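Undergrad: Sequence:
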Amino acid sequence: MSRYAIIVENVVKNVVVWDGETTWDVPSLWSLVQLQVNETCAPYWTYDENATPRFSAPAPQPTQRQWTAYQFLLRFTAEERAAFRAASLTNANVADFQQLAQAAQEIISDDPMTVAGMDYLVSQGLLTQARRDEILNG
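Using my numbering, you'd call the opening residue of the sequence shown number 78 and step up by one each time.
It is possible that some hints are incorrect.
[As the list claims (entries may be wrong)] No farther apart than 25 Å at their CA atoms in a straight line, the calculated lysine to any residue pairs in the SDA-like style are these: (1) Lys90 x Ala134; (2) Lys90 x Gln111; (3) Lys90 x Arg142; (4) Lys90 x Asp102; (5) Lys90 x Ser79; (6) Lys90 x Asp125; (7) Lys90 x Asn127; (8) Lys90 x Ser105; (9) Lys90 x Thr123; (10) Lys90 x Thr140; (11) Lys90 x Phe132; (12) Lys90 x Val114.
Keep in mind that the hints were calculated from the coordinates and are not lab data.
Note that this is a predicted model, so its numbers are computed, not measured.
Take these sequences, add in the hints, and give me the full structure.
TA: Written out as structure tokens, the structure reads:
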């Protein structure tokens, strides 16, 4: 008995144990890849026959987070908040995002307005991309 990954378009759909002898009509869009002794994979992992390792886990998907305006603003450091206040004096878009964030009943991490505002702060050099991701997903 050996373990096989069922692959469709380079994505693992399932892992099965098969004796390799019993007849099995594999659908034409499927590929069967025998797993090596110490190789592991699971559904939704990607498969690349030329890579080492051949199977890789998908990147974790961010989950939606919700905060009150106060909770959201506290996710920024005091220095970041001070930089936003200073930038809002000369940048209407920063001022608008800051005012909307303060007035919101709730802020949702993947809301298009939240994402656009955070991306704008990155584009203006007020946040790094890593810091933006930490605030929204951390």
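Undergrad: So, for every hint listed, does it hold in this structure?
TA: Going down the list of hints, with the structure as the test:
no., hint, result
1, Lys90 x Ala134, "holds (13 Å)"
2, Lys90 x Gln111, "holds (14 Å)"
3, Lys90 x Arg142, "violated (29 Å)"
4, Lys90 x Asp102, "holds (16 Å)"
5, Lys90 x Ser79, "holds (17 Å)"
6, Lys90 x Asp125, "holds (14 Å)"
7, Lys90 x Asn127, "holds (19 Å)"
8, Lys90 x Ser105, "holds (14 Å)"
9, Lys90 x Thr123, "holds (10 Å)"
10, Lys90 x Thr140, "holds (23 Å)"
11, Lys90 x Phe132, "holds (12 Å)"
12, Lys90 x Val114, "holds (20 Å)"
When held up to the earlier numbered hints, the structure conflicts with hint 3 and nothing else.
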